[in-house]
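Peer 1: Each chain is listed here by its residues.
There are 2 protein chains.
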Amino acid sequence: MTNPQTIADLGELGLLQRLWRYCPGDVVGDDGAVITLPPGRQLVVTTDVLVDGVHFSDRTTAPADVGWRAVAANLSDLAAMGAEPEGITVGLSLPGHTSIAWVEGLYQGMADCLSCWGGAVLGGDLCRADVASVAITALGTVVPQRALYRSRAQPGQAIVVTGYHGRSRAGLELLLAPEKGHPERGHPETGAGVAQADRDRWVTAHQRPQPRFDVISALQDLLGEAGDTAAIAAMDSSDGLANAVLQLCQASGVGASLRQADLPIDAALTAWVGETQAIDWCLYGGEDFELVLCLPWPLARALQQRLGAPCMIIGKTTATGETAAAPVVELWPTAATAPTRLSLSQGFQHFS
Amino acid sequence: MTNPQTIADLGELGLLQRLWRYCPGDVVGDDGAVITLPPGRQLVVTTDVLVDGVHFSDRTTAPADVGWRAVAANLSDLAAMGAEPEGITVGLSLPGHTSIAWVEGLYQGMADCLSCWGGAVLGGDLCRADVASVAITALGTVVPQRALYRSRAQPGQAIVVTGYHGRSRAGLELLLAPEKGHPERGHPETGAGVAQADRDRWVTAHQRPQPRFDVISALQDLLGEAGDTAAIAAMDSSDGLANAVLQLCQASGVGASLRQADLPIDAALTAWVGETQAIDWCLYGGEDFELVLCLPWPLARALQQRLGAPCMIIGKTTATGETAAAPVVELWPTAATAPTRLSLSQGFQHFS
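Here the protein sequences come in this chain order: S and R. Positions 1 to 352 (the numbering used here) are the ones given, in order, by the first sequence. Positions 353 to 704 (the numbering used here) are the ones given, in order, by the second sequence.
So here's chain S without its partners, still in its complex pose (with noise of 0.2 Å):
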């Protein structure tokens, strides 16, 4: 068996043209990509960047899952703004001895992901480095009035997440050990193991994620023709629930008050693990690329009635932190326990 071809052998050139038919004929060749954009409309951009060995390895993640999450991870944040996607650039860094069949599933997967929701790559950037990253910038458009903040919420509203947490968490503890959810042996603490169909719904939440640009359209049918998006805050929940739930009262200088018992866990996962480390991976684990809303209560039912369960209403905002330095964001395990105060340094951190 012969050794797989590696990009030093095709050269950068040889690399951009095979990569070329991944994109629209009418953008690449030039030193920028012209996009003509729906008139009306104001541009939204977000960009993420991914490292081997930090965000993805070879050992949990093929390269057409790398490109997917890659390009889910930034959809995602064009759905918590309200857009619609128009199009990916990539930044490339590449050790030489990467196999042309890795890159090429990375913009198969890229591709994939774009396919389902609509944009297009625009253009990218090929460069050496001793290890493997991919920069994402995605650019969508939204109706002016239709775009969605992180800074609108106000006190009183219903916070609406629009599904499980603690998947993808999931999904990535079997992919590196998957020892732990044997049907028979299971977990090592709780002796549970985990059925074929959920560890097959789990692995996919961490590999595939879906950003919801469905929960998007439910919303703007909804809010109607003359709606507008003024008393309604979002974002995703890519770095989790919990984050998500600080940044919306931080951005709006208001608290939040959580329902332990209302909090979106697939029962098969608390079964697995446990219900403190199925709560933990819920509110910590990140990734699972929902949206997290503050809504008006009757917009939030409606909501709620429309996309159907697990999308829940985990609680209400309070004006708690308008005075306070950081939110106060309180879990309450029952109505009648001493809640927990959630904080933003308990999530993942980078560098930390």
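It should be emphasised that the hints constitute simulated quantities derived from the structure, not laboratory data. For every residue, glycine included, the Cβ atom is placed at its ideal position computed from N, Cα and C. Mixed in with the good hints, there may be bad ones.
Okay, the calculated beta carbon distance ranges per label pair [unchecked claim]:
| id | chain 1 | residue 1 | chain 2 | residue 2 | range |
| --- | --- | --- | --- | --- | --- |
| 1 | R | E531 | S | P39 | 55 to 63 Å |
| 2 | R | R658 | S | P39 | 32 to 40 Å |
| 3 | R | G366 | S | G53 | 44 to 52 Å |
| 4 | R | A582 | S | A230 | 41 to 49 Å |
| 5 | R | L575 | S | P39 | 20 to 28 Å |
Derived list of chain R stretches under chain S, where covered just means 3 residues or more per stretch with a C-beta under 8 Å from a C-beta of chain S [as the list claims (entries may be wrong)]:
| id | stretch |
| --- | --- |
| 6 | 381-389 |
| 7 | 472-483 |
| 8 | 496-510 |
| 9 | 525-534 |
Start from chain S and add chain R according to the hints.
Peer 2: Just chain R now, kept in the frame of chain S:
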């Protein structure tokens, strides 16, 4: 003396808050930045990745210069498209031991460059990596009929180069081996030294390149209100002058015939390193960030007159490219000497 504070000391959120000072207040703090573009224009997008040890190093480049060059390289691509800058996104990968002063220097350099030609830092992402890299995506806008493309050259046009080439490469040489430019000991091969004014110019050309938006303004002026860019081809010379001519010819299906005597080479550079080396650096040195244009002759002469020296008409496009597999670009040392054929494979390629 204490060690400088590192980004690991500050953490991701702390660093982000410091860097937000370099961004307009209304575009940060959300999942994406929302931007209102001027109506009736197309969006132009370009992206570049710079990696420590490949594109810059502490030996030759202060952090502010890294920031300036990263932005200037992207703005130069916008200029080559005939576009005006709107802003950039910054994807930053950094080792935890990076000093905060280095990151702030980088951002200061980016901000300084943007303040010269317009545009703001519209967003970014930070992550941990073993090697520092900076991925920048620049956004600009262009009046649709004024966009410049590589593919619009026609046989028999003038090839215009907007400034000296080889200076950036000379500046790099002086930074890496200052003794070679010693005014008295001189260059090891030619024995010639470098005057302080030339040294300063060349080092500045390397560290603080200037995107040529002034050329675009002059060209728009000369075209007048009704003129369009249908018979103009353009790109920047970031990857070298030879590369730019070859890319323009390949994209347009033409060849080119260049006169060596008309190459825009600084006389002091030839005096320092000799003619052969000076021509090589002019053609293949790269990073001069000038523009190369294929223009109808009257427009070429008018542009040359408007810009003044060292804007040069270095030759003309020919019909020879139409049937050849690779573009035929010939450099004539004199009218009576057999020409050299330029090739893309002589230029710098990553991975090879």
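Peer 1: Against this structure, judge whether each hint is valid.
Peer 2: Hints, one by one, checked against the model:
1. R:E531 to S:P39: 55 to 63 Å: holds (60 Å)
2. R:R658 to S:P39: 32 to 40 Å: Distance hint for R:R658, S:P39 holds at roughly 35 Å.
3. R:G366 to S:G53: 44 to 52 Å: For S:G53 against R:G366, whose Cβ atoms are near 23 Å apart, the range 44 to 52 Å is violated.
4. R:A582 to S:A230: 41 to 49 Å: At 45 Å between Cβs, range holds.
5. R:L575 to S:P39: 20 to 28 Å: holds (25 Å)
6. 381-389: holds (count 9)
7. 472-483: With 10 residues in contact (Cβ-Cβ under 8 Å with chain S), the coverage given for the stretch 472-483 of chain R holds.
8. 496-510: holds (count 5)
9. 525-534: This one is violated; 0 residues, fewer than the three required, reach chain S with a Cβ under 8 Å.
The structure fails hints 3 and 9 (numbered hints given earlier, in ascending order).
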